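Visitor: These are the residues of each chain, in order.
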Amino acid sequence: MKAIAALRARAFSQSRRSEDLTIGFILLALVVGFWILSPPGSFLSTENIKNIGVDASELMILSAGMTLLLIAGGLDLSIGSVVVFAAVLSAKTIDAVAGTSPTTGPLVYHDLGLAIAAGVAVAIASGVAWGLFNSFVILRMKVPPFIATLASLGMALGLAEVISHGTNVSSLPLPLQEDYGLGEALGIVPWPIVTAAAVTAVLWILLSKTRFGLRTYAIGANPESARRAGIRVDRHMLTLYVLMGALAGIVSVVDVARFGTATLAAHSQDALSAISAVVIGGTSLFGGRGRMFGTVIGVLIPAVLLNGFVILQIESFWQNVAVGAVLIVAVYIDQMRRQAGPST
Amino acid sequence: MNTPVPLLAARGIRKRYGQVEALRGADLEVGEGEVHALIGDNGAGKSTLVKALSGVVTPDEGTIELRGERVAFGGPRDAQGAGIETVYQDLALAPSLDAGANIFLGREPLRGGFRGRIGFLDRPRMRREAAHALEDLGVELPSLEAEVGTMSGGQRQAVAVARAAVWGTALIIMDEPTAALGVRQTEVVLSLIRRVCEQKGVSVLLISHNMAHVLRVADTITVLRLGRRAAVRRALDTSLEELTLLMAGLGNEADVDPEDEEDEE
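Residue numbers (the numbering used here), protein chains in the order written: chain P, 1 to 344; chain C, 1001 to 1265.
Some hints could be false.
[Stated by the list, open to error] From the structure, some residues in chain P lie toward chain C, with a derived Cβ separation under 7 angstroms:
{"hint": "1", "residue": "Pro39"}
{"hint": "2", "residue": "Thr210"}
{"hint": "3", "residue": "Leu214"}
{"hint": "4", "residue": "Ala221"}
{"hint": "5", "residue": "Asn222"}
{"hint": "6", "residue": "Ser225"}
{"hint": "7", "residue": "Arg228"}
{"hint": "8", "residue": "Ala229"}
{"hint": "9", "residue": "Ile231"}
{"hint": "10", "residue": "Gly288"}
{"hint": "11", "residue": "Arg289"}
[Stated by the list, open to error] Here are the computed lysine to aspartate or glutamate pairs in the DMTMM-like style, where the Cα-Cα straight-line distance is at most 25 angstroms:
{"hint": "12", "chain 1": "P", "residue 1": "Lys209", "chain 2": "P", "residue 2": "Glu224"}
{"hint": "13", "chain 1": "C", "residue 1": "Lys1200", "chain 2": "C", "residue 2": "Glu1129"}
{"hint": "14", "chain 1": "P", "residue 1": "Lys50", "chain 2": "P", "residue 2": "Asp179"}
{"hint": "15", "chain 1": "P", "residue 1": "Lys209", "chain 2": "C", "residue 2": "Asp1122"}
{"hint": "16", "chain 1": "P", "residue 1": "Lys209", "chain 2": "C", "residue 2": "Glu1145"}
{"hint": "17", "chain 1": "C", "residue 1": "Lys1200", "chain 2": "C", "residue 2": "Asp1136"}
{"hint": "18", "chain 1": "P", "residue 1": "Lys209", "chain 2": "P", "residue 2": "Glu178"}
{"hint": "19", "chain 1": "P", "residue 1": "Lys209", "chain 2": "C", "residue 2": "Glu1129"}
{"hint": "20", "chain 1": "P", "residue 1": "Lys142", "chain 2": "P", "residue 2": "Glu224"}
Everything labelled a hint here was simulated from the structure, so no lab data went into it. As the structure is a computational prediction, the values presented were derived from the model and not from experiment. We put the beta carbon where it would ideally sit given N, CA and C, even for glycine.
Next up, chain P with everything else stripped away, as it sits in the complex (with noise of 0.2 angstroms):
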């Protein structure tokens, strides 16, 4: 019972704390910092949080995916994609359920909870198509991730302009805008908001307290090991892209809701600011390593840029340098971290 006691004694690896607590500090001192330069009461007032909350939440959702799926050795390069798919798709089966367009006098809409019920379940089951169909690619046809993805990422956005003609899907029903888009949950906290938070707590959960979270790591470890250890690799990937994919079929509804209408040149960058927020948090691109705390630091870094510099009044294109930056580092400030520890 001794040595264990020693082992207990000992065993605190202080190491990933410390990691979560670097890219912690580098959020607080943001924070700190705009508070500081900003007009008072314009930064943090609870509309502006709300603002920032608001515009991090579709980010959120996809990143707390690509988690998973860094975590566990793959990769899905085709999410933006397939939001604006899932989005066109659900926006047209909302439009064709509701049968409503304004310019036909008062907006009256038939079977308005039938419509969203199902664009949701439409733009979910377009989502998991999509994984179903990277799965296949990658697991199946041995093709690799970045390239299936690729391929991937091009073929769900030229089908979404197939299906909508090149044109963005507009002329979706107001109340979905007003009460759910630009709605709050008992008047305090926006939807959107709720709905990452929501989906980044059950995803957190299922990473650190599950069997599922654990063999998640352990096939982005060591794929081999995991397959000897009677763990079914393929089939556990294959749940991580279907996974991905209905998270980018969720965020399509948030979207539309959103801003009323299926945009097709939006979201061309999420995947790489999906990766970016992962990488930034602290989770391998090479597998077996990461944590969803991180992540979560992870998107509001750049989104708590893109505010301060608007309120600061500084253009905002300087936001994409400074995340680039921020990137740099925190993998950098990683790797030194790695290499400062025992290796072999």
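Fit chain C to the given chain P structure using the hints.
Guide: The following block gives chain C in isolation, referenced to the frame of chain P:
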């Protein structure tokens, strides 16, 4: 003295890979509670035989009996189910996970009740049992929570052996466990091999190139040559020289090949 049923008996195992016949009717008998070494030159068929016993490959011909019962392994899972664990040469660990997670990899305990049913891990139990398993084997790790990838070769080997010891109820197969280790860590692993056998009461099948190691830890030694059993020796009754000759096909094999005394079954 009655002749005991061997723990594991493989008879007439054949395996062909395309043009190459890796095993040409190999036999192997491992007794209860012994460290049994399997030696042979490169290409003698050691690793193929090991793969057959651990369920990784299915032999083309031949039978495997465990405690007198005929078994057939469709995969590593079947062999594990029968109580046969394998410590692979590359250890098959997940480097970014801790010792506990590695020991329970693929067989993670779940919590009780509803949370267990939706897949919640019983981490305290994993940690507790991992600590016990390591302590039983006298293994000291820098930290139970340290990533296995940050450990030394010997420590990683110890984690892999501990995993096999936790799950193996009949036989633990170790494929070249000392091949990648320095002198001191080799000592640790060699004594670990004896300890697993003595404390757990399981048999160990040790595959090794190093005959000095084999002579030190093994009770019995089977020499494999050109896909067949060339000889079986008690470690006490043989020598480095004899084993070397047997491996090279120059020894006196006749007295040990038990083909003629095999029962019709």
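Visitor: For which of the previously enumerated hints does the structure constitute a violation, in increasing order of number?
Guide: 1 and 18
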